[in-house]
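Combine both chains into one complex, guided by the hints.
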Amino acid sequence: MTSQVEIREVLKALNPSVAHRAAQTPDIRDIYAPPSHADALDPERSLVVGSRGVGKSFWASVLNDEGTRSAAAAAYPKLNLDHFDVYLGFHEGAGGLSSVAPAASVLRRALEISDDPVWIWRSVVLQALLPDAGPTRLTERIRWLQNDPEVYQELLNRSEVALNKRKRRALIVFDALDVMATDWGIIRELTIGLARLALEMISTSTIRVKMFMRRDQFNDMRRKTFADFSKLRTAAVELDWSYRDLYGALFSRLWRDERSTAAIRQLAAGIGLSPTSSSLPRALRDEETAQEQLFSAIAGEFMGVNAKRGRTYLWLPRHLADGHGETSLRSFLIALKEAAENTSDRSVIAVDRNSINQGVLKASETRREEIKEDHPWVEDAIPPLEGLIVPCEDIDLIQRWIDNDTLKKIRRRHDPERPSAPVQLASLPTNEDELSAETVLLQALAELGVIERRSENRVNVPDIYRVTAKIKRKGGLAPRKRV
Amino acid sequence: MLLETKDLPTYGVLDYLIENRMNGASDLFLETCIVPSPLTSGRGLIEVMPALGSAGREKPDDVLPKLGRAYLEQTTETGAPISYLEQMRILVRRLSERGKSDVLFIDARAGLSESTAPAVIGLGGDVLMFGVNTPQTIECYSYLLGHLARFAPLTEDPNDWRGQLRMVHAKSGRGDDVWRSYRERTYELFATYLYEESSEPSIGDLTFNFDIDDPEAPHYPWPIPFDMEFAEFDPTKRRSELQRDFYDRTFGSFTQNVYYLLFPGERLKDD
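So the sequence lines, in the order shown, correspond to chains X and B.
All letters in the first sequence, in the order written, are residues 1 to 483 by my numbering.
All letters in the second sequence, in the order written, are residues 1001 to 1271 by my numbering.
I should point out that these hints are in silico values taken from the structure, not numbers from a laboratory.
One should not assume that every hint holds.
[Said to hold, decoys possible] Derived pair list, reagent style EDC-like, types lysine to aspartate or glutamate, alpha-carbon separation capped at 16 Å: (1) K474/X / D1213/B; (2) K12/X / D345/X; (3) K472/X / E393/X; (4) K472/X / E1196/B.
[As the list claims (entries may be wrong)] Chain B regions said to be covered by chain X (calculated; three or more residues, Cβ under 8 Å): (5) 1152–1159; (6) 1192–1198; (7) 1207–1220.
We put the beta carbon where it would ideally sit given N, CA and C, even for glycine.
Extracted from the complex, chain B is given alone in its bound form (with noise of 0.2 Å):
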């Protein structure tokens, strides 16, 4: 949706980690791997790198080995090994120093693969999890926080990873009365991997626990109403897509939270 394959750079993230790991991957190599997209045609940047450039789409069967590849450890001059995870994080700073962007969103895929692990307890930033109200749902992001759970900080923390998810809680339908049942679901969920079990009200650092309707909670869904005005959504094809009162209905709420989670200063500031 951000490129066409037209307008695809000639590598991707897969050929990036291949390429670091044979040769260590040049500046010049990581800016192939990057191009605008189209979509906000000039106001305001957005920059793409894919998982998969041109030159994977030409040779479809290389791709399968590549990934393969791909999440191989790597080492150093010594010998040492560089997780899956340190590579992702020199990736995610080398995009940073770059200098370009004021946000990075990563899309981890939840294909529940050893790429999502990484993604929301290594990288520091905030992950949001997406998914419809499903057992399926329920029980993918068991296994995947079920895991986590084992990394969960021991001591004091400020930079808690756990305070830094969020679920998304998608075609969803509009109104508390619907909502309710999937919060029920993803409090479960958090409450039997992640929280700290509490006999006090949580406070500062000290217990991470939440109250089920607590709507600053990270278990605490963000609603995105199901709309099927966006089931053909295609911004390339026609641009007032883009335009606030098309999707403000839908993704309004949305927008407008991820907006302050990313600049938290902000939200006093409005009047």
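The following block holds chain X by itself, in its conformation from the complex (with noise of 0.2 Å):
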């Protein structure tokens, strides 16, 4: 019993904003490396897409950081991590003195002067490998170069043999695409330059470029089937966490923090797992069983008091899961740490299951706040959908956004960092009739996971939304009152 409160003293202390900026450094601590996440770190795979809180940023700033480098090429030493100079070509809040990545308006302005948008980029790259080459403004670096590009030639030869030279290659890592501009059309054709440029330098033998893009994009970017993009697109890594993974990663924390290993090591001795080495057994990070075995030990094994209300280690991570199945590690860690806070000191388990409940409800709140931070539009679009029955057809969403002029609002919208509507609406000519914006609404809301497709003509809402839009799940029987 001592080791259960030994162990709802660390939850409570977690530190769930794993994903942060690009350019901060991240935790040492923090890092938990998924077999599954290796594609996602090697720079041979030019593409990752991921949905918000899956770690996209966080990643990128653990390549970019020397310390937290390393670490991930001990976790993954087939990637070769440590051979490589590592550079953030864009990133949130880009436009800084330390980082040759462009500000958002300076972008602006480049695409303005460049002939191509790849110039932009190719001259990011020399920024970052010579940076006494040239003219340091990004704009006069990108008329002299293209203006002559033998001379780019002659700079990217020189570039690799400096790092052959070293036995070094460079990473060049671009993060936050959607945050190069307000605009989805300059969005589009930044991306597109940054796209040709990671196909350039996949022929280079020293220089690699990374490109981490969420998912709306990335879908936007398939169906304008841009060549370049095309070839980019097979190859891409989607990042995404399994239970398995999400397991791996609480239970990884709690066995470094030195104030719970010996309360975990203890309870995994239970279970018959006595580990030889200081790090975290094998079975604990990819075996369902024993991962649920230790689980059910610190947060009851059943969700109700019987097995009939589902199991604890599928409940969890299940009520967390966005409308593409997908449930982020943020998320998962918040709702911990919130049902830790809320379990009572006299409780025989860390975690007790209503206190789990409480904590689904609390990371319900913060991936609203999430999105809202992501995708502006959302706030307009969901909150008619208050009172509303789900799984219900598309049509019943639709009427409630034409009821509330939803769309007119969307467009009203200004954001000074980032586009305030859906990317899906920018492809729409203005005057088009309002249902097929609706419809196109619809399809933002299903691609970003906030709603999932069921039938053709029906949706539903997964929990993780559900419950702070004040949705409600169809039942045919009024709930029963509390005793």
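Okay, here's the thing in structure tokens:
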């Protein structure tokens, strides 16, 4: 029982803000490297796609920082990450003095003067590798290079020679591509240029490009079928978290934290795992039965008095999943932290089932905030749905948006940092008939995972978004009274 | 399949109910309704209490009148009625008290008669509801669940019978793409009749409501893929059909699900 108290304390102190900006230095203790994420860090894989909260910016920051990069290199020895010099080519908050990444305002101007957007990124790469060559201002460098392409070729060759001599390679990382502009048209052009750069760099021996891209933007690029992008698309890496990896990350934190390490080892021994080394036993990384045994010991096996209301091990991540069935590590950690804070000191387990429910509600609220931050228009699309009962027909949502002038509100919205309307709307002419615009809005929410497409005309809303939106789930019977 | 005609006991469940109504069925009479199945040839014991025994088989014209009498209410010495459900409960209790079995399987043959509803809600067991993905299946179950909805508990009940239900998708094909359409239909069925409207994620025993894709939900069908090999399944003639490598491909996940349903504590013991 004492061990449960220690585990609860560490859960309370969990730091769920794993995702932040690529330019920030990540906490080395937060790194958990599941085998399935190796491709996402592989310098040879140029394009990584993922939803909000899966850790795109986190991995970008891990690659960028020398200390965490060598930790990642140790976790994924085949990737040879320690042979790379890493530069951020773009990231959220770009434009600072210490980095070559241009600010959004600079990019806008740069696009106006470029014959081809790839010149912008070629200039950024040279700025990183040969900072002393040519003009320092980006726009001037672009003019200089595109006026004399031979200069560019010579400089690129020179950087390759220099890297080779030092037995080093270079990786230029691009994150948060959705804040390169507030206009989707500009973002698309810049992204096409970036795709072209990534393909060019593959033919060099020492320089690689890595792009972390949000899923809605990826889908948009795919729909537009740009020739350069399609080559990258087929090799794109999906970044996501399986239940197994989520629990692995949790146990890894409990295992490393000196306040809980003795307690978790004791519980692990109770299920027959007597670790021989200091690292998390393999079974707790990749065997679901062992993971469930251990999690049952700290959170209870079932969400009800018996098996009928579901197994806690599955219930928790399932109730945090979006419409694509994906659960973010951040939601998972927030839910557990909140559950620990709500569990009574007298409880014999670290977190009990009522507080796990509290945790899910908290994670749900946080998720809503995150989505709002990335996709401001969602705050216009969701409120009209209050009181809706799902699963329902497409038209039930569409009618509510029509009644509430939702499309008009979305189009009027302005955001200083990022596009305020969904990328899917950007391709529609502005005077289209409203029904098709609402259908597009529905599609945008589905791609985001806020709603889930069932059959052709039916949709559902996953719990993580349903609860805060005050959307109900269908049931022919009235809820029972609490005793 | 469990018994060949020649192995039938003299009497069956119908005879038991009638005897019980007239004279009170003795333990001795109960034993004349039960025989061991030869199927397992001694490796584990399966006992069978058929609906009809050999006596019934010999007089087929008596069967329908017998059915009618079996469903009649019984009365106690003071004249109070004992419902069909109560009679079945007593039978289940007596069978359990014989102490020979780990598990009682009741084949309620959902012909939608008076015998179906008591089996579903009254006997306290887990209920597997078989069906193929056709409109008729959904229609028939909607009659049953629509009727049962009026017996949903009104207060918290850890033994809520609704939690004991489970759909089984017979002749299902293979892979989630083909299972999905039946799941949508069984979900609609349960949501319409047995689930409670929910504005929060269901938790503990408060709101009885599940997501469509929740594999632990009662409406979520366990698939049994269609398999020609089982069209003429007759393990009494071909013993090899009871071997795991014969049945696992089709029934493997189903038998495992049933096992964990009956023995939930065993699941986390496996490695």
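Each hint tested on the structure:
1. K474/X / D1213/B: The given pair, whose Cα atoms are some 14 Å apart, holds under the 16 Å limit.
2. K12/X / D345/X: Given pair K12/X, D345/X holds - Cα atoms ~12 Å apart, limit 16 Å.
3. K472/X / E393/X: Since the Cα atoms of K472/X and E393/X sit roughly 14 Å apart, the hinted pair holds (cutoff 16 Å).
4. K472/X / E1196/B: Cα-Cα ~10 Å, so holds.
5. 1152–1159: holds (count 6)
6. 1192–1198: As far as the region 1192–1198 of chain B goes, the hint holds, because 7 residues have Cβ atoms under 8 Å from chain X.
7. 1207–1220: holds (count 9)
Going through the hint list in order, the structure satisfies each hint without exception.
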